[in-house]
Structure formats: C-alpha cells, structure tokens
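Peer 1: We have chain A; now place chain B onto it with these hints.
Residue numbers (this note's numbering), protein chains in the order written: chain A, 1 to 319; chain B, 1 to 204.
What the hints contain is simulated information worked out from the structure, not anything from laboratory work. Mixed in with the good hints there might be a few duds.
[Said to hold, decoys possible] Straight-line distance between alpha carbons at most 20 angstroms, and here's what the computed EDC-like set of lysine to aspartate or glutamate pairs gives:
(1) B/K103 x B/D113
(2) B/K175 x A/D113
(3) B/K116 x A/D268
(4) A/K237 x A/E155
(5) A/K316 x A/E256
(6) A/K47 x A/D113
(7) A/K152 x A/D183
(8) A/K292 x B/D52
(9) B/K175 x A/E85
(10) A/K292 x B/E180
(11) A/K292 x B/D113
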Amino acid sequence: MHLIHRPDEADSAVTPRAVYESRRKLLQAAALAPLASLLPAHAAPAKLAGVRSTVPGALVMEQPTPYADVTSYNNFYEFGTDKSEPAQYAGTLRTSPWQVSVEGEIGKPGVYDLDALLKLAPIEERIYRLRCVEGWSMVIPWEGWSLANLIKKVEPNSRAKFVEFTTLADPKQMPGVRANVLDWPYVEGLRIDEAMHPLTLLTFGLYGEVLPKQNGAPVRVVVPWKYGFKSAKSIVKIRFVEKQPVSSWTKAAQQEYGFYSNVNPNVDHPRWSQATERRIGEGGSFGGLFAKRRPTLMFNGYEAQVGQLYAGMDLKKNY
Amino acid sequence: MPAASRNLWLHPAAKPLLFVLCALPLAWLVVGVFTQTLGANPAEHLIRSLGDWTLRGLWLTLAITPLRSVFKQPALLRFRRMLGVWSFAYASIHLLAYALFDKGLDFDEILRDIGKRPFILMGFTAWLLMLPLAATSFNRAIKALGAKRWQALHKLVYAISVIALLHFIWMRAGKHNFAEPTVYGVILAGLLGWRVLKRWRGSA
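The following block holds chain B by itself, in its conformation from the complex:
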C-alpha cells in the first residue's frame, strides 16, 4: 500500500507522534531515576544510556536520505530535522549528566579530563561540532545562510558521526568490549558508504 504509507508520513499527527517517540527514552530514564530502578550505579546507567540514544538518533538522522531514495519515500525528509535536533538534545543531556554526576560540575576538573582522556576529548569535540548545526536548525537561519551554505555546513554531521563512533569505540576499548561499537560501526559504514557509492555512480 504505497499510497497509504505515503499519506501516513504526511498525516498531521506524524510529527507530534515522532516528537513523543523521541522523548520516550528520556522520559523512561527520568522515571527510572525517581523509581530508583536504574541499578546499582544510576549515574553510569544514565550517562551511558544518554550516549547510546545520541548515537541512535544520529544514525536515524543519517538514515533518512538513503531510506527516502531506496524506498522512494521522499516525504520522510520532513522528519530529518526533528531527529537531528533530538540527537543534539540527547548529546547535550549526556554531556550535562557526565559533568554533573561524574564531575560534580567542577569545571576545572572537566577541562583537565578533556585534556587527559582522548575518548572524552572525542565526545566533547563531537558535541562542539553539533552546536552550529543545532543553532542553524531554524527556518530563519536556513534563509539567512542560503540553502547552499546551509547544506555545506550541515555536511558536518558526517564528521560528527565518525567522531562520536570513535568516542564510543575508545570508551569500550578500556574493557575490550567491542560488540556494540562494531554494530554501530557497520551501520554507519552502510549509511556513509551508500552516499559515497551514489556520488561515485552519479559522477561516472
């Protein structure tokens, strides 16, 4: 039922529904904090889950373009910005949770930590690079920049996703635990590889 599914993307409730879906993991964690069901180390659970959801959000954002093309669903484009902004929200809360629960908001200590531990530096860099994208996610910003420049700027998301993955790999390397980073890596390779392939075919 391609016609029906196309209509579904354009349904007026589609965007609010996606908004709620994106908020659910965060809501679930907040409920976990209040019901104390996040296990023996709630700070670690919070920080890691928020990081996981940042990656998932980023990967979903990057999946929109291939999905549109492969399944011929151009209407999916209307969800991309919301996914991107939610990814930034999760990244920011992830950073905040680390700063608050791991570092007690001691900013000197946080700066030292960024300098000392490469995987923290990676994560912080990825978040910094997300800032200009989040700041230009409004219609007025797109108009002010012009579509071309806006698009060029937002290509940063490729670098962000790779740095975010490195952050994850590096974190897990401490305990030789690469199963999950491998899954994320394979999916990202697919998402970015698809673009390279398309470009290469397009110019050939």
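In isolation and in its complexed conformation, chain A is listed as follows:
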C-alpha cells in the first residue's frame, strides 16, 4: 500500500505526492496496489525531497502525470523493448554501491560514489514536461541539481566541447542488454553549453523519493527541451570530449535520430508526426482514451529559456 499511505508526508516541507494526484487517480492506484507490491522494482522507495527550484522554467504549472503511469510506462531498452517491461524487470538492477566516473577533457577527473554526488549540491525539485519522440508526453516532478554544478567543479579545459553520458550495460542485471536491439552501452551526448544550461538536471529522484529503477536509478540526466531518449538513465560515466559524440539512436538510424533531437513540432520524425502529443494520464473517462492530443510546443515549451542556444542554427538540418 505504499503507493498511497505515506505517513511521513505530513511532516514533509515540500509538496507531497498526494497533492499532485487527483482523488480518482489515487483510487485507481489503490486498486492496483496489491499488484504493484508484487513487483520488485516498486519495493519501498526511500524518500528524497528537494527544495522547490528557483531556476526559470523549472516548475511547469501543469498537472503532473500520476505516479503509477510515470513508473509503469517506460522506454528503457536495457530492461526490454515493451514499455511495461522496465517496471517488470528492473528489480534486478543493483543501484548500491554505484559509482560514476567523470573523465576526459577536465582538470579534475575522478570517480564519484553516489553519496558524494547526492551531497555535491542541494537537491531541488523541478517539474518538467517530458516529451517522447513517439508522440506522448508526461509532466514529472524530478529531484536533482543542475548538472552545471558538477561541470564547474571538474574544470573542463578548452577542448571540452561536448559531454558524453554512458549508461550501465550489464547483461546480468539488465535482461534487455542480451538482445541486439542497440549497440550497448547506451551513449548519449550534449553540447557543453547545453549540458551547462541550468535546466539540464542531474536527477536522483522523482515524486519526492529516490528514482524507481525503471526510471533510470540511481542517477540519470533530464534534458526537458529534448526528446526523452536524450536523457540517459542509470549513468556510470560522464566524459568530456572534443568531438561530437555519436549517440546510440543516431548510430542505429542516422536519418531518424539526430544529435540535437530538440523537441520541434515543425520537424517530423519519419515515423511519427511531431506536431501533437498525447499527454499520458490526462483527459477523464476511460483512462484518457478520448482525450484530444495537445499541440507540441517548440523546445517542449522551454523556448524562452533555451532558444538562444540555437540562435542562427537551421533546426531542420540539425534535427
């Protein structure tokens, strides 16, 4: 019953999850709770609460997607290609001990224990839109701090033009890695100025608790103005490089997944129109089956904050 009954919420200074969720969704969660408790990935999440962020654009004023949807509908191919599989199979992921190697073109390379990362900067709560390249979206309250905090600390040199993120790829813990769907490990990258942008979040939790394993535990990046796949999960390596990294999806299908992958309603993906999106968990009866799709916003609604990063760039060419 941990999905609903959280006695510690009353003492919490930050917005408790219960406030986010409508009563109807809570009742639904209650109905599913016995089932959810069978899943190892859901076992007793520890609390991780951040202070409300003051970064411009960090708190979207939209109804957050119900916790049950955020944690049961995931693209995390390391645990299977079906969106229900990460929640089913991520239980085998060992998130402790966990280390992240920070290396490359920096003055202070090093290996960080998760605990050290957690203490590196104050944890903030950010409520971001998440737009998947497949045409659906969510609103998720994340817990973490701006990646810029780490970047400044490790002193990048003048050759550090890009940041490359590598996800864990252990077939023993991640059944999906045994399949040849992608060239493992999963690699993603950002331009250094994108990585330095205050909205780029090194993320340790959601909904006031540590990241559920299916959501990329124990540490991931969240880049809210890009399609979801740019936000690498379960990160073990952050590398500063001079050349633009080749991300896993670009490697798999170059014509379909560009390096930038900024959310852009005017540039369609060959397989999915990007003009509109289905907001998961929204729209009343029958689980939102009849809800109208929403228009997709330029840079996922973060144009005011990030638009200047791409001034003068042809966004059709640099998709």
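Peer 2: Structure of chain B alone, referenced to chain A:
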C-alpha cells in the same frame, strides 16, 4: 483418434465456438477499456493489440490450407471464411481505432498521414485490398462470380499478408525492435513457402 477429431470439426457447435473464440480478444480489450486496465496509454494499447490480432487472424486463415493437407483434415476448410472475415473485422476496428484515438477522426489529417508515413500507407493499402475479399465472402457472391474468378480474386490474400507484415516491420523499425516482426515473418514465409513448394512439385 483421427475419426473422433474429424467428427469434432464437423460438430454443429464447432463454428459457433470458433466465432466466440475469435470475438474473445476484442471482448477482452473492451473489458480493458471499461475497467481501465490497458495501462498508461490505452489508445496505443488498443491500436497495437487490434493490429496484432489482425495479423494473427490472417496467418491463421492462411494456415488452414497447409493444415488440411499436412494433417489430412479436409474438414478444416469450413472455418477458413470465418477466420478471414474476423481478420477483416479486426483490421477495420484497428483502422477505426487509429482514426478515432490517434487522429480524432480528422479526415484531412488522416489523408496527410497516409501520404506522409510509409508504414501508415502500407497498413491502409492492406486494408483496402481486404475490402473486395470481405465484400465477396457471401455464398451469393461466390455464385455470382463463379468459383474460378472468386478464387483468383481471393489470391489477393497473399499480397495482403505481405503488405501487412511490411506495415508491422516498418512500424517497429522506428525503434529497432524486430523480434516480433521476425517471428511473424518466419511463420508467413513457411505458410507461403509451403504453397510455392507444393506448386513447384505439382508441376514438375
């Protein structure tokens, strides 16, 4: 017990039972809609499941002839039409679900989508080609056309199955997820290959 099994196919309850079996996946989805157990994205779940069942129905329809021959069960023929018509029903509800839940019945938008996305074009073409087969699935139509012409027309099902498979492969190609299309492809290759082989042997 070959005699008993042959009798089983001819049992008066066999066809009604098959009808109910064919309706079950659809009924299950409808129950899922009302109990809200189709997951976080019920529209996607509905559209994809209906597509899956269309393919399964088509493959089963195509399996009847080889099964009759290999297992010497000619009576299986009486189920083929029902399987074919149910496949068309699933394809139609699949298309309707896409039009309604993905496109909000905006027909301009649907037409643009067919023109823009090759895998949608494939799926739509497969459905269009099913129309004449569904329209001539009645006894009177068979009589009016004559057995020869009717059979020639219904050979379209081979093209339909290949186009439907392409639709599925193309859809999954977006996420490099070929495990299931491969299974469907191997089975279809077997079903069509068996026919080619038989023909080749027959004419040799």
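Peer 1: So, for every hint listed, does it hold in this structure?
Peer 2: Outcome of the hint check:
Distance restraint check for B/K103 and B/D113: the Cα-Cα separation of roughly 9 angstroms lies within the 20 angstroms cut-off, and the hinted pair is therefore satisfied. Restraint check: the Cα-Cα separation between B/K175 and A/D113 comes to about 33 angstroms, which exceeds 20 angstroms; the hinted pair is violated. Restraint check for B/K116 and A/D268: satisfied, since their Cα atoms lie roughly 10 angstroms apart, inside the 20 angstroms limit. Restraint check: the Cα-Cα separation between A/K237 and A/E155 comes to about 16 angstroms, which is no more than 20 angstroms; the hinted pair holds.
Between A/K316 and A/E256 the CA atoms are separated by roughly 12 angstroms; this keeps the pair inside 20 angstroms, and the hint holds. The straight-line distance between the Cα atoms of A/K47 and A/D113 is roughly 19 angstroms, inside the 20 angstroms bound, and the hint therefore holds. With a CA separation close to 31 angstroms, the supplied pair A/K152 and A/D183 exceeds the 20 angstroms bound. The suggested pairing of A/K292 with B/D52 is violated, with an alpha-carbon distance near 25 angstroms, which exceeds 20 angstroms.
Of the supplied pair hints, the one linking B/K175 and A/E85 holds, its CA atoms being roughly 15 angstroms apart against a limit of 20 angstroms. Distance restraint check for A/K292 and B/E180: the Cα-Cα separation of roughly 30 angstroms exceeds the 20 angstroms cut-off, and the hinted pair is therefore not satisfied. With a CA separation close to 17 angstroms, the supplied pair A/K292 and B/D113 stays within the 20 angstroms bound.
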